[in-house]
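Peer 1: Sequence:
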Amino acid sequence: MKNIHIKIAVFLLLIGSSCSDEILEKLPKDQLTVATTFTTNTNFETYAWSLYSYSFPGYWDLTPINREMGSDLIVNNSGTQGDELFWQRKTVPSSSGLWNSSYVNIRRANLMLDNIDNSELTDGEKQHWKGVGLFFRAYEYVQLIANYGEVPWVDSALSEADTDILYGPKTNRDVLAQNVLNDLLEAETLINPEGSGSNTVNTDVVRALISRFGLYEGTWRKYHGLGGELQYLQASADAGAKLIADHPELHPKYDEVFNSESLAGVSGILLYKAYEFGVQNGRWSHYNRSSIGHQDLTKKAVDQYLCLDGQTIFTSPLFDGEKDAYDEFRNRDHRLYFNTPPPFRVDTGGKNQLTWEFDADPKHREYIDLMATLSDDTHKTLPTLNWRGLVVRTSPHFRKFNEGHGYNVTYSGYAFYKFSNKISRLQNRDSHDAPIFRMGEVFLNYAEAKYELGQFTQEIADATINKLRARGAVAPLDLSSIPNDPTRDADVAPALWEIRRERGVEFLAEGLGRAFDIRRWKKLVEYGAHEKLGRWVVNSEYGNNLPVQGGASEGYVSPFGVPPGVPEHYYLEPIPSDQIVLNPQLEQNPGWE
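Be aware that the sequence shown starts at 1, since it is given in the UniProt record's numbering, and climbs by one per residue.
Keep in mind that the hints were calculated from the coordinates and are not lab data.
Idealized CB from N, CA, C, for every residue including glycine.
Where hints are given, some of them may not hold.
Unchecked claim - Taking lysine-lysine and the DSS-like style, the derived pairs with C-alpha atoms no more than 27 Å apart in a straight line are:
1) K422 / K222
2) K363 / K300
3) K523 / K300
4) K170 / K222
5) K130 / K222
6) K130 / K242
Unchecked claim - Pairwise CB distance ranges, derived in the manner of DEER restraints:
7) D491 / G406: 39 to 45 Å
8) G227 / H569: 17 to 23 Å
9) T378 / E526: 47 to 53 Å
10) A475 / L166: 26 to 32 Å
11) G197 / A161: 43 to 49 Å
12) A245 / Y223: 55 to 61 Å
Turn these sequences into a full structure, and let the hints steer you where they fit.
Peer 2: Quick look at the structure:
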């Protein structure tokens, strides 16, 4: 057993996937009832396991990673029509797992909070478990606000008699956001600094969520013209400052943050979801290394990665050009090599082989040799392998020209493989841990919050962005001489552009980054109108099978063409229709009627 999260898996085998009320009502009364569940500290700890399991995403649920295809940096590589967001194909869903699961988890948290005072807990234990309950309730509301804007606020475990709340209207966003911030600030003062054991919610984890929510709500309010942003930005900055003081260093290897069998004791990891073969399995690595993984990087994403001298590809003398794949990847931020495979070609002696030899042309081994110095055989050495260990003969390996094997393919020319590793060679049986809260996020939340407060300095850049850049072997950001980037959004100041660049690079396809960032910055409509391009190719080298921009013989791969653009009301998700049927007072979000 790795830690408490493995206990969760065992607990869930006993209780199934029931909701809180079902858990307490359907099990034998002498085993698990309100009276017997909420008594001792051990009982509360056992009950809290369900909150951990159901609330936090991990390496099994594909929703977070698929959500990122609704950003400008990730594209679907299946060859189908573009993302529904950018192609105006979103509709009001009949139901929503996000909505339903969030309110189920809110009920779980409220049920625990409602039963603390009458328990046998000591005063200190009561404070801790109240802090835990407030945290998990806030965690769910953070997601609901980010997706729907305004939703009903529920702060107790409702019964069928509570019709005025069950069937009440949405809560005004000002009140809703204030309630969430109040919950988190109170939880920060109550919760045990060490949590209830290793890898549990503690003061650091609460502060990490304050850092995340404060930045999101503050910038949404600023850029969407709601006002009242300062208290949220300040809360984010305050939480970030405390965390950075206590956790100033990062784990030195970026790839190991996402692809380690155990994240226990790893620098900069505040909370993670543990996986163990045969007990709780993940599947993201399997998806990254099979024919069913449908994520690619766009050219825009790749262009964000700086050269080693800290210059952009448009200004650096180290950049050798983009028309040759080997030139394009040379002297770049090492994080690029861990998010999309560098170019290579090997000889497998035929199709679908388990062994390989170097290609006769020494050009094709440049990045094989480089990755051998940056990674190891359980992570990301080249050539890449599918989940069974079959060798991919070349990169880029286009879906439309796949050289005889259909796994590990790309449509844009930049296959996504951030979560790919060689720890497990079994289908849907990954056993590497998933970070939930990490200091890499806190660093960038803090940098951006301080910028928005007018307090971003070189000292803050050195304590945040430059530590992330150093991990990618990139020269530090010097605020006195920021390189010119001709692709910079004219609405965004150079220093803020660099902060946003780092977010795009560091958080690529983690489900918490770009898809939500371009919404809170109010850039979804603008960036969503841009064509998602891929690698520069000479189409004749690929049997003239690739879709090239404008139908040219050579140029950028263009998977879908120019999208029609994103309507303004797409900033918020539509409320599922079944909820409006159940509760007529629940108004649909504007534009979705």
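Peer 1: Could you work out which earlier hints the structure fails to respect and list their numbers in ascending sequence?
Peer 2: 1, 5, 9, 10, 11 and 12
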